[in-house]
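S.K.: Chains A and B are the protein sequences, given in the same order. Numbering-wise (the numbering used here), the first sequence opens with residue 15 and increments by one. Numbering-wise (the numbering used here), the second sequence opens with residue 3 and increments by one.
Each hint should be verified, as a subset may be incorrect.
As a list, the in silico DSS-like pairs of lysine-lysine whose alpha-carbon atoms are at most 25 Å apart [to be verified]:
1. B:Lys-14 - A:Lys-70
2. A:Lys-46 - A:Lys-70
3. A:Lys-70 - A:Lys-29
4. A:Lys-46 - B:Lys-25
5. A:Lys-69 - A:Lys-46
6. A:Lys-69 - A:Lys-29
Source of the hints: derived by calculation from the structure; they are not laboratory data.
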Amino acid sequence: MKRTNGLSGRKHSAKRTILIVEDNEINREMLKEILSEQYSVIEAEDGLIGLELLKKNFRNLSLVLLDVQMPRLDGYGFLEQYRNDSLISSVPVIVTTGNTGSDDESRCLSLGASDFVTKPYNPNVILRRIEAIIRLRED
Amino acid sequence: MKDSLIEKFVLKFPNDTSFDALKAAVAEERWDDAFAAVHTLKGVSLNLAFERLGASASELTEVLRPQNSAGRDLTTILGLFETVQEDYETVIAQLAIYSA
Chain A
15 MKRTNGLSGR KHSAKRTILI VEDNEINREM LKEILSEQYS VIEAEDGLIG LELLKKNFRN
75 LSLVLLDVQM PRLDGYGFLE QYRNDSLISS VPVIVTTGNT GSDDESRCLS LGASDFVTKP
135 YNPNVILRRI EAIIRLRED
Chain B
3 MKDSLIEKFV LKFPNDTSFD ALKAAVAEER WDDAFAAVHT LKGVSLNLAF ERLGASASEL
63 TEVLRPQNSA GRDLTTILGL FETVQEDYET VIAQLAIYSA
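Same shape as in the complex, but just chain A (with noise of 0.2 Å):
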């Protein structure tokens, strides 16, 4: 197959799925706004839901967006438990949040995050970023 654009190649087969795991409405809203185009979005209001999705989905999945403050289960306790389980450690994980500081960056990547994007969400960093990562698992 010829790929002519990003994963352009794939537009005439059925969207790849992304799991976007984000306690707050509006920021969760936006994320599914940017992806929708693209892909199609599942979500998840906590971490522990997230990571219930994650496990009952994974083998549709394409990606994980995840905050990292949110309640119940925070995107440090995520990780945790997805890295320790090789099936769902099999989906990549972008984290989305606010911090800025490269301690939290490095403590998410140690913990098997993929790659890490900071708000303001810039929509086209958000899209680029998935698709390399996504890019990288399929080839």
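Chain B: place on chain A using the hints.
M.R.: Just chain B now, with coordinates in the frame of chain A:
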């Protein structure tokens, strides 16, 4: 962030509960809850391009961050919260005018 995307979501901000959660947590001196709430408020504000509110919320976030608990004092927290509250009320008032 694209302006069209911000416009689509900005009028939802008055229904966001993070400021109310912050106010209640500060009043009851529940600092971990206050940190979680102001961190969320900061993230939403940054995404919606509320720069002043994002900046004041960011400053309070750093003071309330659990790792910084040793250096906290109540006067500093309340002073920063007051600024966040003023910035929040300004945004809400502007949105009321915008949507009228």
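S.K.: Now look at each hint and say whether the structure bears it out.
M.R.: Now the hints, each set against the structure:
{"no.": "1", "hint": "B:Lys-14 - A:Lys-70", "in the structure": "violated (31 Å)"}
{"no.": "2", "hint": "A:Lys-46 - A:Lys-70", "in the structure": "holds (20 Å)"}
{"no.": "3", "hint": "A:Lys-70 - A:Lys-29", "in the structure": "holds (18 Å)"}
{"no.": "4", "hint": "A:Lys-46 - B:Lys-25", "in the structure": "violated (29 Å)"}
{"no.": "5", "hint": "A:Lys-69 - A:Lys-46", "in the structure": "holds (21 Å)"}
{"no.": "6", "hint": "A:Lys-69 - A:Lys-29", "in the structure": "holds (20 Å)"}
The structure shown violates the earlier hints numbered 1 and 4.
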